[in-house]
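Assemble the whole structure, with the sequences as input and the hints as a guide.
Protein chains in written order, with my numbering: chain R, 2 to 140; chain V, 778 to 1157.
For the record, the hints were derived by calculation from the structure and aren't laboratory data.
Keep in mind the model is a prediction, meaning the values are calculated, not measured.
One thing to keep in mind: the hints can contain errors.
[Said to hold, decoys possible] Calculated pairs, DMTMM-like style, for lysine to aspartate or glutamate (alpha carbon to alpha carbon, straight line, at most 25 Å): (1) Lys115/R <-> Asp1024/V; (2) Lys927/V <-> Glu108/R; (3) Lys1091/V <-> Glu945/V; (4) Lys1091/V <-> Asp21/R; (5) Lys122/R <-> Glu15/R; (6) Lys927/V <-> Glu15/R; (7) Lys962/V <-> Glu117/R.
[Unchecked claim] Computed footprint of chain V on chain R, listed as stretches where at least three residues anywhere in the stretch have a Cβ under 8 Å from a Cβ of chain V: (8) 12-19; (9) 48-62.
The beta-carbon is built from N, C-alpha and C at its ideal position, and this holds for glycine as well.
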Amino acid sequence: MPDPARARPQPTPETQHFWDGTRQSELRLQRCDACGRIYFPPRPFCPACASRSVTVFVASGKAVLYSYVIHHRPVPGFTQPYAIAVVELAEGPRMMTNIVECPQTPEALQLDMKLEVVFEKLDEEITLPLFRPARVDPS
Amino acid sequence: MKPGDIAIVGAAETTKLGVIPDMSQIQLHADAALNAMADAGLKPVDIDGVATAVETPQQIAHYLGITPSWVDGTSVGGCSFMIHVQHAAAAIASGLCRTVLITHGESGRSRVGAPPRSVPPSSLAGQFEQPFGPLGPPSLFPIPVLRYMKTYGVTHEQLAMVSVVQREWAAKNPRATFRTPVTVKDVLNSRMIAYPLRLLQCCLVTDGGGALILTAGERAADFPRKPVYVLGTGESVETPMVSQMEDFTSSRAFRVAGPTAFRSAGITHADVDHLMIYDAFAHLPLYGLEDLGFVPRGEAGRFIEARNTAPGGKLPLNTNGGGLSYMHSGMYGMYALQESVRQMRGIAPAQIEGAKISVCHGVGGMFAASGTVVFGNQRP
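This is the structure in structure tokens:
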């Protein structure tokens, strides 16, 4: 469980669906009904074509490690050193996150490694989407 | 607005740089502004335009006793002052005002009279970056670096050379904070801050300020100092969240601001004698060299390693020592502009002999914004 001392997001009307989703173990993205663009972070219109007709959908939760730093300075809610990562979702958008269930070292954190989302509850309202190395697919 | 229509007729930094606990942030603005007005031989009554960042134009105008007919409070981070130059030049050229004062002051180290730094938890960055543990620019600005290094095969040693070369420039500058030479080994043995960047690859945190005074090029000869002409300018913004940059190996804001400045100045890369690229962290000069087109994609690491930007090299870069060794109060753009002006006046501590054109390129936020100014010391 993430340390409750970490910075807590404060949802707005435009992002509430995302945080409602993580609480239900769903990673929700938005797709433009007009041009098909899938985008993040949330907003009630398409940043590519300005259409207000957009649909919230549940993403696969699959991603690859796109880039990161391993932070060595003290921050409330974290034990340094810890990686601050950006992952590229299978659907296209990138998001900042932390990588869990993995040593926080350059050797263990290889760019382009496969990841999958896990949901970690911060408090009753906020659940954070974090990522761990993908489990081997049995198929 | 044509190249040379606008000139810098006053330029100065604060009397002291470094640790200045006996001055509040607004007094750092004023100290630099008073020095720049003395440099130009002007009084507050002669100024009718004010531009500044973080502090508001009304604070600066009131504190200094100026009655402006034009103000600009563009505050997009450390390149705000490059962007002020473009806005001021356009304002003077269109007759909105005649003489503009641009000020910067920042109690970055002592934090005397400085507003607190915080990210609202309801902002997009507050919701989608802050919960994952960033703590200011040293944790966020290097986020794209590993992707850049992997894409182009850039080595840790090449990234370390940025700091080594800039320290060589700083050694020539009596006002530089750090002047002792360092080696690649020293850089790679310095304390880890946010892998892959170590302490010597991160900017200083100091107190200081700077100010510029601009007026029409046709009036410039009436001032006491050798005029420095604005030949071209460019600006852009991309995103307040580094995680949402379109391309982790390149800044879209750089790719708009830089080429726009070159086009408006009517210059090519071969015309550039002196270059400043805002170096909050060691990877910034690499992105800048590539995005401004001085070297092909992925070549900047090798270019710096081969000492092309070092003293005696063909493209002198960050000749004051840069944010890594000279000073960095938080919004370093003003100090890069001051060094370009010194080089064009011919009075820089590490003066490039015969330099006629200087390009000054800034970044704001974490690749959030950019501004570029091309200076010349002859009116085209």
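* Sort out whether Glu117/R lies within 25 Å of Lys962/V, counting only the CA atoms. => violated, 38 Å
* Proposed proximity, Asp21/R with Lys1091/V (alpha carbon, max 25 Å) -> It is violated: about 57 Å lies between the C-alpha atoms, which goes past 25 Å.
* Within the assertion that chain V covers the region 48-62 of chain R, do at least three residues meet a Cβ-to-Cβ distance smaller than 8 Å? -> With 0 residues closer than 8 Å to chain V, the region 48-62 of chain R misses the three-residue bar; violated.
* To do: Mind checking the alpha carbons of Lys115/R and Asp1024/V for me, to see if they're no more than 25 Å apart?
  => OK: Lys115/R and Asp1024/V at ~20 Å, within 25 Å.
* Asked: Are Lys122/R and Glu15/R close enough, with their CA atoms no more than 25 Å apart?
  -> Answer holds: Lys122/R to Glu15/R is near 21 Å, not above 25 Å.
* Verify the proposed pairing of Lys927/V with Glu15/R, using a straight-line Cα cut of 25 Å. => violated, 36 Å
* Does Glu945/V lie within 25 Å of Lys1091/V when you go C-alpha to C-alpha? -> holds, 15 Å
* Asked: Between Lys927/V and Glu108/R, does the CA-CA distance stay at or below 25 Å?
  -> holds, 14 Å
* Asked: Residue count check for the region 12-19 of chain R against chain V: does it reach three with CB-CB under 8 Å?
  -> Since 3 is at least three, the answer is holds.
In summary, the numbered hints that this structure violates are 4, 6, 7, 9.
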